[in-house]
Amino acid sequence: MDIKLKNKLYDKSFYVVGLFATLIGLVVLLTLLINVAIDGFSRLGWQFITNYPSRKPAEAGVLSAWVGTVWVAVLTLLAAFPIGVAAATYLEEYSKRNWLRELIEINITNLSAVPSIIYGLLGLELFVRGMNMDRSVISGALTLAILILPLIIISTREAIRAIQPTIREASLALGATKWQTIRNQVLPAAMPSILTGTILAISRAIGEASPLITIGALTYVAFLPTSPISSDFPYISVKGLFDPFTVLPIQIFNWVSRPQKGFLINAAAGIMVLLIIVFFMNGIATYLRYRYEKRIKW
Amino acid sequence: MKRIVASLLIMIALSFTITSHAAQLIKIDGSSTVYPITEAVAEEFQKIENGNTRTTVGISGTGGGFKKFCAGETDVSDASRPIKPTEVELCKKNGVEYIELPVAYDGLAVIINPKNNWVDYMTVKELKKLWEPEAQGKITKWNQIRYNWPNKEIHLFGAGVDSGTYDYFTEAVVGKEHSSRGDFTSSEDDNVLVQGISNDNFALGFFGMAYYEHNKDKLKIVPVDDENDANGKGPIIPEYENVVKGTYQPLSRPLFIYVSKKSADKQEVKRFIDFYMKSAAELSKEVGYISLPNTAYELVLKRFEKRVIGSVFGGHGSQVGVKIEELLKKE
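Going line by line, the protein sequences match chains A and B.
Just so you know, we're using this note's numbering here: the first sequence kicks off at 1405 and counts up by one.
Just so you know, we're using this note's numbering here: the second sequence kicks off at 47 and counts up by one.
Isolated chain B, as found in the complex (with noise of 0.2 Å):
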């Protein structure tokens, strides 16, 4: 008993003793979505820092986020869309000017089971009927968006309500941000997905490609048609090329930082973004996503450097189909 009580006081001491020196601090929050990337970047520039700059980064999500954000608690603000109308207000009220800056591409899957063997592709038509709210208790069975699918229940998987994820896919496939039928099983954390739809044949759901990716082997993804022929003829999986060139649409969609311009005038701030975008292109591949093409990041650190002020959204909320390069060149 003497000595657990001995080791413990010496844990407690040793948890107040052992400390680095005071450092800058550089504070980033915002959505668990691009949380892997500025993770990664973070954890390289306090390597070549050697400790001087401190870089924390949370997870509160892009809307929980971008509240911290424009409150002017926080340097930088990740977002897995742009800025809303709400927030661009927020941040006007407090004087908060932001830069946007793109940092990645991530694709949303269309997963079902492997053992499904009549899927072969979805339109996006067919995907709009399955998901709006007007389907809610109406479209339940696999038949009812292609006669000849089995005469069987589907049972559909979502990612959680509150994510920029189910923003995203809303907007893409039902045509509103935020709309969809109520009737599936969500959840903020994409792995009960994954167990959910690997464990049944007549699952249908959607989640980050990362996800896709390291389990492969449980699940399989379905092509999307947007049965738009200048993004690319046919059914189209996420894949590297296709989301580069912009042909996986309307699934694939950019991540962002946002980064105050307040904040932007320290020194500390301005090394880790410059850090951030010639490292991004190697550290988002890493993590699962898809990097911008390079002369895109060259772009984009200009867009930084010149300072621009705003979103090149308007502030609107998610948009579907858009091209990073072609927008930063319009500048």
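Excised from the complex, chain A in its bound form (with noise of 0.2 Å):
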């Protein structure tokens, strides 16, 4: 055959390959969408937001699993993202290449495949009862920011891998230092990147389960964690951290295994509400993505 004609044809069917390989995803997830729209649409509603888990497939809402997502989400958050991204730096920018930084960077790769219930493992030895913070908030998310710390670490290391070294070398050579160096260019630059990778980490996190059962998270909550902000003096309360609490993957976990049909339309409206949280997070990492980009001006 033709050479030309040959090229031609492998040209054309890759990109039917490739065309192919993104429907799958696309079809997979849709259906999925569907699927749980369908079954949960009829239970989503102010009442279902606002409501304590119940006997009553009917009465029953997801307050308590859903605040409680958003408090282990916020403090993960607080946790993972500045030891994260300080461990990464450390690794790309300081550390010599010798056998020690080997060794970390082979055991953070593994520690990213290892299965998410051996965290929980961890955080009940650890957190639970080591350190005595009882099965509280606190405890959750600590266990879930040492879950996703390899996933950020790795991520944010290929953010900063991916600046040229001439930014460096032209930023060392008016004068900075290697922190300036490092704080005013070489961060901003690769904060889209490892703004787009922790946000990743923590919609991983807030779909966990199985590490929270095992440090011992609850299902039937009918209280929310105290609020950290009180009208008295201080007006800063950390009791809240020190609560029980419960997250909406063990509320629908709960619900799916019930006999009742009522409780698999809530665990369907459930799964919903988890999409629209993961989906109001992925919007404010792109939103802060873009206005990263934005302030970049070399």
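Hint data in this document are derived by calculation from the structure and do not stem from the laboratory.
These numbers come from a predicted model, not from an experiment.
To spell it out: a stretch of chain B is covered by chain A in this simulated footprint if at least three of its residues, at any positions, have a beta carbon under 8 Å from a beta carbon of chain A; those stretches are: (1) 102-109; (2) 229-238; (3) 250-260; (4) 330-338.
DSSO-like, lysine-lysine: derived pairs with alpha carbons at most 27 Å apart: (5) K331/B with K1665/A; (6) K114/B with K352/B; (7) K1460/A with K316/B; (8) K262/B with K1665/A; (9) K161/B with K175/B; (10) K307/B with K93/B; (11) K161/B with K264/B; (12) K307/B with K113/B; (13) K1460/A with K324/B; (14) K312/B with K1643/A; (15) K1665/A with K161/B; (16) K113/B with K312/B.
Note that CB positions come from ideal geometry on N, CA and C, so glycine has one too.
Dock chain to chain to rebuild the complex, using the hints, since each chain is given by itself in its own frame.
Below, the structure written as structure tokens:
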């Protein structure tokens, strides 16, 4: 066959294969979404997100679950983001290439593939029992923070590595210190990619049920953590961190396994609430990413 | 875009500000089978206490629940079988004394596909022949159980091996707790078993009767004969009367809560248990279980008030064919 024709054929066929691969993901996602929406849409309403769980499917809601999920997500982010970015910056910018760094690198990569229930066992022994934090919001958040730390470190390192060395050299040549270079050039430029990686990690954390069940997050919780903002002096309270909690995936998991059909509908509606929260968080990340990208001017 | 960010920030702010006042806390964990009853009681209890007492209920499973209970981490433990020797040891080591309170009965249902027109009943012997470890890879066809059943493959479905349901079924049918053939479809989620059996004409499985009650249109129940006329003659199905009278044997079992003695001295736990015993008859029925006779709840409450420590089962785990009332009267 004419070589030109052959290349053209390859070109076309790769296009088809690529399109097909993209469609598989989309079709699966759409089927899931439509399936869940058909089952759960009728239950989704103000009552559903402001009611506590109940034995009666029609009266049951996800208030304690979604508030718990937001608490855990925010605390996980506060714990994992600074540590993850700092660790990645150290590995990329400061550490020397030696056996210790190799060892750390291999371990981080391996950790990201450890089943999440193992992190639950770690959290149970370390935070719940070892540090006596009980089965509280903070124990759950720290457990999930450890779970997503490897993901944040890996994606942050990729992001930092993608910044051209010329930028660093230019900054250093102008008399900036190493820290000034990192603080003012490298991190801001890498921030959009770091945020993308972080939000993917947080989305994963939000969907986890097994490590939280292991540390003893509960299923029936008909109250909310104590508010961090109080009307009395000193106006800020950390008591909420040590309150018991539940999250959406646990509530959904419990409803799915109940015999009454009403609970299966509730589970579908719960999945929609979870999807909406993940969607919102992705939205924020996209927005921040867009703002950071606009700010970079070299 | 800005609107989305704003509304999310409002949502986060809201979630941090809406809150109830701090109160006493009752911590409960354990069996997911007992969970619906305890959830119902906790829900009603919280209403009458006006939010002054908080109750949390977890689903770590009977074994997982006892681990936390015996470490002194919970006040009450839900259990779908009596406490086992290893758990008794653990409790003793940590100085946790407990009061055992039966709260309801559950019947295990043997289930087939509605299109199955050959099975009219099964004996416990036939079930044993089908489920014992030696049957693995050997008893694979319906006509191996009874000669006039079809020469077709039999597809088995059962509760997950970590569940109290599996422990009890194996104890009752095979005669040894936690021992059965391994070549069956198992799931911790009973709805998966319901789906599997309703789509397979040659299926047979077992699970809690609440799942049968809510899926009667898709499933068919098998009457079980234990060939012991003292427990009622002939094959029997798990209906209210049969379970309460103890004639659906050996597949009906009592469900329990265990209360830590130390916690029992707390006023809020006392009120909770008192309320539990008074409402369990109605609420256990409502969530799909079989309540104990009313006189039994009075005996159980007395047991609690007298702080009777230990298990009437001697700490040996699952036991088959017990009538709660008789056990309680012995004291």
